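Going line by line, the protein sequences match chains E and Z.
Residue numbers for the first sequence follow the numbering used here, beginning at 1015 and rising by one.
Residue numbers for the second sequence follow the numbering used here, beginning at 146 and rising by one.
The reader is advised that the hints may include incorrect statements.
[Stated by the list, open to error] The calculated lysine-lysine pairs, modelled on DSBU-like cross-linking and capped at a C-alpha distance of 35 angstroms, are:
| hint | chain 1 | residue 1 | chain 2 | residue 2 |
| --- | --- | --- | --- | --- |
| 1 | Z | Lys441 | E | Lys1141 |
| 2 | E | Lys1135 | Z | Lys548 |
| 3 | Z | Lys648 | E | Lys1159 |
| 4 | E | Lys1115 | E | Lys1257 |
| 5 | Z | Lys441 | E | Lys1259 |
| 6 | E | Lys1078 | E | Lys1108 |
| 7 | E | Lys1141 | Z | Lys384 |
| 8 | E | Lys1078 | E | Lys1305 |
Just so you know, these hints were derived from the structure itself, not from any lab.
All values reported here derive from a predicted model rather than from experimental measurement.
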Amino acid sequence: MNSINPIPPLIQYIILSLIHQLNGLRSKTGIERLLLGSLAKQTLQDTFIFRLTAFYGLFDGLEKSVLETYLQSFLMNGYLLVEQEKLILTAAGKKQLDDIKKQIENNPMQENRNKLIIDKKTKMRLKDRLTLLVQSLSYLSQNQKNFVPVIDQIDAQEWVRKKLLPYDNFKIEKLTHALHYELDQLAAFLDEMEKQLLLYRFSGSERTALSWNQLTVYLGLLKEELLIRYNIVLHKIINIVCKNKNQFPLLHSIFYEDIPIGYLSPSTHRTWNLIKNGKTIEEIVHIRKIKANTIYDHLVEIIMISPNFDLTPFVEKWKQKEVITLYDQLGVVSLADYKSRLSQGISYAELKLIIIKLLANEGWGQC
Amino acid sequence: MLEEKLYTHFGYREFRQGQKEIIEKIIAKKNVLGILPTGAGKSLSYQLPAILLPGITLVITPLISLMEDQVYQLRQSGLRIATLINSSTASSDYKHKLIRLRQGKYKILYISPEKLQQEFFFKELKGLNISLVVIDEAHCISQWGHDFRPDYLKIREVIPKLNNPIVVALTATATPMVQADIIKQLNLSNIEMVLTSHDRENIAYQVIHAANLSDKKNTLKNTVLSLAGPGIIYVNSRKSSEEIAGFLRDQGVTSVEAYHAGLPYDDRAIIQQQFMQGEVALIVATKAFGMGINKKNVRYVIHFDIPANIESYMQEVGRVGRDGQQGYALLLYQEGDEALVLRLIEQEYPTEALIHDVLYYLINRKQKYFTFLLEELKNSEINDQLLELIFFYLAQNGYLKWKKLQQGYEITILLELNLANGIALLNQIFERRREHRKKELKEMLQFIQNNSCRRENLLKYFSESLSKRPNQCCDYCGIDFSIFQKRLDVVTKSSAKLGWNWKEELTKLLPIGEKNDER
Ligand SMILES: [Zn+2]
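Assemble the whole structure, with the sequences as input and the hints as a guide.
Printed below as a string of structure tokens:
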């Protein structure tokens, strides 16, 4: 990243707006992790609790040093300042954010429509499988059986191979039509640049995809902005497809068929199995020889993907009620604000579980 | 007889130079060392025997892209007989492939050398009926080769355990010294050699001396603008790959892209594909480019930076004219260009400080047997390659045994190490290796500075002499440049068309409706 280039408005918007929403609560590292899509527990919980899913992992594919340069320049020109290691948006920063918001035409960020935490693997799976499926259908529908796959991921190759079975011309034609149709439907949700980003990264029998450098020239944007916009497109697709599964059966199968690794970490998986066998937290502490807090973290992970999870065996009804009442008044703010207004008996871990469950019930995190 | 088989399976009427000799020896159950220049059909010389022999042919090759390319090429000629296993093969895929191998569904198995070190995999290999082992890029086994790989040396331990199959070692470039070393390192009795000339008749060589950098860039620009592509420009660093590509673009070269290992994976695949498909006419690349690329109609290679040795130069130049048509190789030299290569040579071998840190760690571990991670050594210059070099030479001198694991290394100490002696020993070895590399660079420089036929000089390096001088030989013997000139009727396809239309672009990728009916 060369410092002569001014920071593109969209990138300014993303960073300043994220810091605005976490004003004074998180350090530089916390902000960086969220934008880079770290899988750290704290980052995932922040993303969920503060409903920052639209920001999560947007800088995936960029060097961390690039993000650091941006933050540094915001600190230098007074949009941000650091207090007790936390990043704060200054009045000048707030004004810049408001100005920038007006400057961006068709702002691609849709904070409220993006309710999923999209991790790198899901994104890669979508990109690799879809790219390879498009390429395969493109060649096969022209009866060209031999081509060099642009994706060398075995997972994607295996998935596409299976998808094409039983292999015959009828199947190819059917799939080509289905994918063409679904992508066409998807286009209704995307603006022109997003459509170009999507199609120009696909390779087919008539032309190969464009490299990022070529797209930079073609679309007249910096590479950093392109990569971020591409992440936004992928996030958008996953969100749209999840919300409209019936409209996009083929695209939906891309990220929900043959998922090699479960969403839960192996340790969480073991905890879940014990919970399904009716074990209490104390019992699991004893059996697994891990701390109760770790088990609460596992529960958070489980609830994020399974909103029907019954909390009652772990948190008494009255505690849930009290938090829900407060949630209706306060909405989402930092958990510390909650803690001070609740009865002493409600622990921080319990509070977190209830809030996560509330958000999960509102559709955050679900596909 | 063999010609008939060649025609049935591959559709060619006759063999190319060297192929038939190698095949005949394999069929007669003799071990072979074959030197076939790039583009001479190296792979066919084991693929045909693989079909004719009863069991499986195991091909050991260091390049994954090369494996894929070979499997793909065979499929393209209707031969679904080959598969590949390397470290990135998924486990489900791996099991599936093993079952099919046991059932005899494949005749050729491509593997990367490090797979041989994995016990569970090797056990599987022993269970298969292997008739032939092919060691591709065999010069990697020689410490004097330009691309030495310690894991190649494990091959010789493995071969006897596979019920003594026939062994074929193949390489494109090897001096007599390297040839002798390959035979010695493989430890094979009765190995026969098939040598074909390193000469590539259809390549014309030129060296241009530039006064300074801008002169060099200017010459490059003028050459590129006048030549008919496709072409490859080789540079020695990622940075200059980007810089030169940008410079040429600014100078009006329309279809040029940078390629180096620093690009994201997707982009590397895309640019390779664009080059293969003729959508990009010119690539400015580091030596990371070209290994697995089988593009037949590359018309020229330009070296903007001095290659590290004549073998690398020959290999890179060898990518020109694989279709047999006339090609052109230009080397641009500016005095002092070798300084960067000298720096790279220094970095290629462990420094004394690094040797000290590794030995110190090994000695203070105070165990006979342990596993070891790279991170445990708090040394910033360490990497797998440097560490393996140290292990390799310690093993060669009987101090330890080592094995690469999925993560880290397994070490068995055999002889007690003394820090000072150890450092002295390794320092001496690496100093010798550096000297050898410097000598190679000097020979490259000599080639550049020699005032006589380039082709004869190249052949002399491989202890060969010229048998017949082609019409387009070199800048000393004369080149008719008119045949390399750009013709105006050749237009490269371009991937981005002006004027964007979603529906059109989508239909181009996924054709539906009338377009299908037309066909
Ligand atoms: Zn000559």
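Is the Cα-Cα distance between Lys1135 of chain E and Lys548 of chain Z 35 angstroms or less?
holds, 31 angstroms
Between Lys1141 of chain E and Lys384 of chain Z, is the straight-line Cα distance small enough, at 35 angstroms or below?
Holds, at about 28 angstroms.
If you draw a straight line from the CA of Lys648 of chain Z to the CA of Lys1159 of chain E, is it 35 angstroms or shorter?
It holds: about 25 angstroms lies between the C-alpha atoms, which stays within 35 angstroms.
Verify the proposed pairing of Lys1078 of chain E with Lys1305 of chain E, using a straight-line Cα cut of 35 angstroms.
holds, 33 angstroms
Lys441 of chain Z and Lys1141 of chain E: Cα distance at most 35 angstroms?
holds, 31 angstroms
Keeping to a limit of 35 angstroms between CA atoms, is the pair of Lys1078 of chain E and Lys1108 of chain E held or broken?
holds, 24 angstroms
Hint consistency between Lys1115 of chain E and Lys1257 of chain E [alpha-carbon to alpha-carbon, up to 35 angstroms]:
Measuring from Cα to Cα gives roughly 27 angstroms; hence the hint holds.
Hey, Lys441 of chain Z versus Lys1259 of chain E, does the alpha-carbon distance stay inside 35 angstroms?
violated, 46 angstroms
Checked against the numbered hints above, the structure violates only hint 5.
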